[in-house]
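Here the protein sequences line up with chains A and B, keeping their order. Numbering-wise, the working numbering puts 606 at position 499 of the first sequence, and it's gapless, one number per residue. Numbering-wise, the working numbering puts 98 at position 40 of the second sequence, and it's gapless, one number per residue.
Calculated from the structure, these hints are not laboratory results. Any given hint could turn out to be false.
What the hints assert, rightly or not - Sample of chain A residues facing chain B (criterion: CB under 7 Å; computed from the structure):
no.	residue
1	V359
2	S418
3	S442
4	A468
5	Q470
6	K476
7	P527
8	P528
9	Y555
10	V562
11	V597
12	G600
13	P611
Said to hold, decoys possible - These stretches of chain B come out as covered by chain A in the derived footprint (C-beta under 8 Å, 3 or more residues):
no.	stretch
14	112 to 120
15	123 to 130
16	138 to 151
Backbone N, C-alpha and C define an ideal beta-carbon position, used for all residues, glycine too.
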Amino acid sequence: MRASCAALLAALLVVTHPACAQQPGTRPTPPATPPATPPATPSGMQGMPGMDHDMHDSTMAMPIPMPKGMPMMPGLVGLGPDVTPFLPGAGVDAARLPEARPSELAKLRDGDTLDLTATLVRRSINGHTFTMYGFNGQVPGPLIDVPQNATVTVRFHNAIDLPSSVHWHGVRLDNRYDGVPDVTQRAVAPGSTFVYHVHFPDAGIYWYHPHVREDIQQAMGLYGNVRVDSPDRDYYSPVNLEQTLLLNDLLVHADTLIPFGKEGPDFALMGRLGNVLLVNGEPRYALSVPRGAVVRFFVTNVSSSRTWNLSFSGAPMKVVASDVSRFEHEERVPSVLIAPAERYVVETRFDTPGRYALVNAVQAVNHYKGEFEAELDTLGIVTVSDTPAVPDYAGAFATLRHNAAVSHDIDRFRPYFDKPPDKRLTLTVRVSALPLATVQFMTIDTAYFAPVEYVDAMPDMNWLSSSKQVRWILRDDATGRENMDIDWHVAQGSVVKLRIFNDPKSFHPMQHPIHLHGQRMLVIARDGVPTRNLVWKDTALIPVGSTVDLLIDASNPGAWMLHCHIAEHLGSGMMTVLHVDPPGGAPAHSPGSAR
Amino acid sequence: MRLAGAGRRARRLAMLFALLPFVALSATGAAGPYDIMLHPTAAAPAAEGHARLVFAPSPFGVALTADGHAVYDVQITAAHLPKPSTLGAFTTYVAWAVSPDLTKWHRLGPVTNGTTTVGHADLNKFLLVISAEPDTSGAATRGPTVLHGTSPSGWLQSFITHPLFRGVSQ
């Protein structure tokens, strides 16, 4: 009762604030107080030739798909986000574009070169044709398979209608090739090329994607995996088959993609959660295996904002690895919870002939009814035949391995686990000029916010929020500085304890998958509870209200982004740079030029 | 005599520290999506308590069931619980996670004064009930409730009749 009264009082105060004093049913107008400053971000978008074409509308007066049983708020009907709509390939006849192909294997050796071209492609999804993007005409992009410790050259050609780049997610590579415009390079303009030399020091599953307007480019198909093979043939347990699963979602109304914001992301509050769920770019995943087959799945969440909970109709599953290493101990799990940008390697045994559904199962919050509702999406089917799998790896699957090499590697970091935090961040948000109905609803509704929101239960409000009105914030507790104004330097070779608190009392608390470029880190504790089974990560999910301790192995010199990997949060400012300075000071190189 | 004085100070300090979480919770209303204020009943009017939901250990950081329910360890801090025997033929206190319609009672584990971590709760919304019991093995409560509270998810409000939605039919 006390919380409800406080929320109501807060609502009364908020709606009298000049920034919120708008009439329901009107399009957001310039606020009486200065709006949230557009992020001083390395977006690389402004003034680039690829941004010259758009749909030439000032509003997006189209309906937004609402969840079943959830009405659009009357105060929001007819409004559109305060951005210019943008879709790939405006003015291009989709029929003249090549149909996207599935991902193809690009097996590279040390010293090899790969040409990687971002292009417009035609996609046919659920009977509808869309103009989207692909790498080398493929969605997902080529599966790059390299041996551990290889260095390969990737000549990236930008043939899309936006500036772009390639970020090698999770790879501890030379900072010059990290792919971040205005930090490690300039954005690659349409028609230009940038050459990356990428070294892969760690075995595992990684991925690549643009670091320019991820909310558009990733969502529209620019993503692919890199599998780095250990020379140790016993690195993983033996299996009958390996599969990569890249999870994405697409927001569609009837036969039309919901446009993106040209100047900055829309859906800035929660990120864009699609209503068509895709595995490897397709709405229906299919796999056929013999009875008893053990399959190793390399799972990557490339979606902008969705956190998934995957399982195979009760088929036994164990998790063996994550972003940058194997776990200390393999574990049986009922499902795989995976936040944006994370990877998990899981093994599953299909021991009974028949069909196993690959499902995403979550408990969605219906904010309209104030209730939870089970939501189940079938993403695909694994068909198991009567023929027995040969060899039979049931014994190996039944064994939960202890990876002593991982524990041994971590041992030298354990003395740092209990030290006081070196750095502290608070995650919060600042909003302005949102529609009054949105402000009223959210102020009262945030008496409770789920630690993790798995669906967009309020897409109307979310859609109307753009990066002009929403500024997501990483705040340095020590200085009060925010986002790119934070000036963090640590010495190469240091072990940095970073404590992150996700403030549950902000206007719109939400989980954040926080990603650190170019280093590896351990999640050593959550809410004061030590992690009992460690794994090297590059992305950590920070639920609402949680405090998470990260231990960073700051071994790789350079200027490295630290940001939320919800694409719309990143596009709304939620990023900073961690400078890892080598002995003698910061590295001398500056952002390179596209060629 | 000095020793006795030191003991009193130590007891006062211990009491102060024990009450700090209550003070913090009282000052902020509800502290966050993991905190439950426990309220005493007439059976034990001096009892105080609060609980904190902590994600059960999981390789994913956040523990979920296959159908998506969050799984929490429940940390209960209680003070001034009387001896169970003062309430009748009871020997212990037990914590329960109870569905809001009171049809499902899931025994979490025994509770004492101080902080106790009891078993997993995986209901979307639940009541947290602490009752006096004859033993710790019962499948349903058999004694008086001494403390109770509501999971933070219970604060979710229905907006169906709110003016924001008035006149809107599904």
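Okay, the hints, checked on the actual structure:
no. : hint       : verdict
1   : V359       : violated (22 Å)
2   : S418       : holds (5 Å)
3   : S442       : holds (4 Å)
4   : A468       : holds (5 Å)
5   : Q470       : holds (4 Å)
6   : K476       : holds (6 Å)
7   : P527       : violated (21 Å)
8   : P528       : violated (18 Å)
9   : Y555       : holds (4 Å)
10  : V562       : violated (10 Å)
11  : V597       : violated (24 Å)
12  : G600       : violated (27 Å)
13  : P611       : holds (4 Å)
14  : 112 to 120 : holds (count 8)
15  : 123 to 130 : holds (count 6)
16  : 138 to 151 : violated (count 0)
Going through the hint list in order, the structure does not satisfy hints 1, 7, 8, 10, 11, 12, 16.
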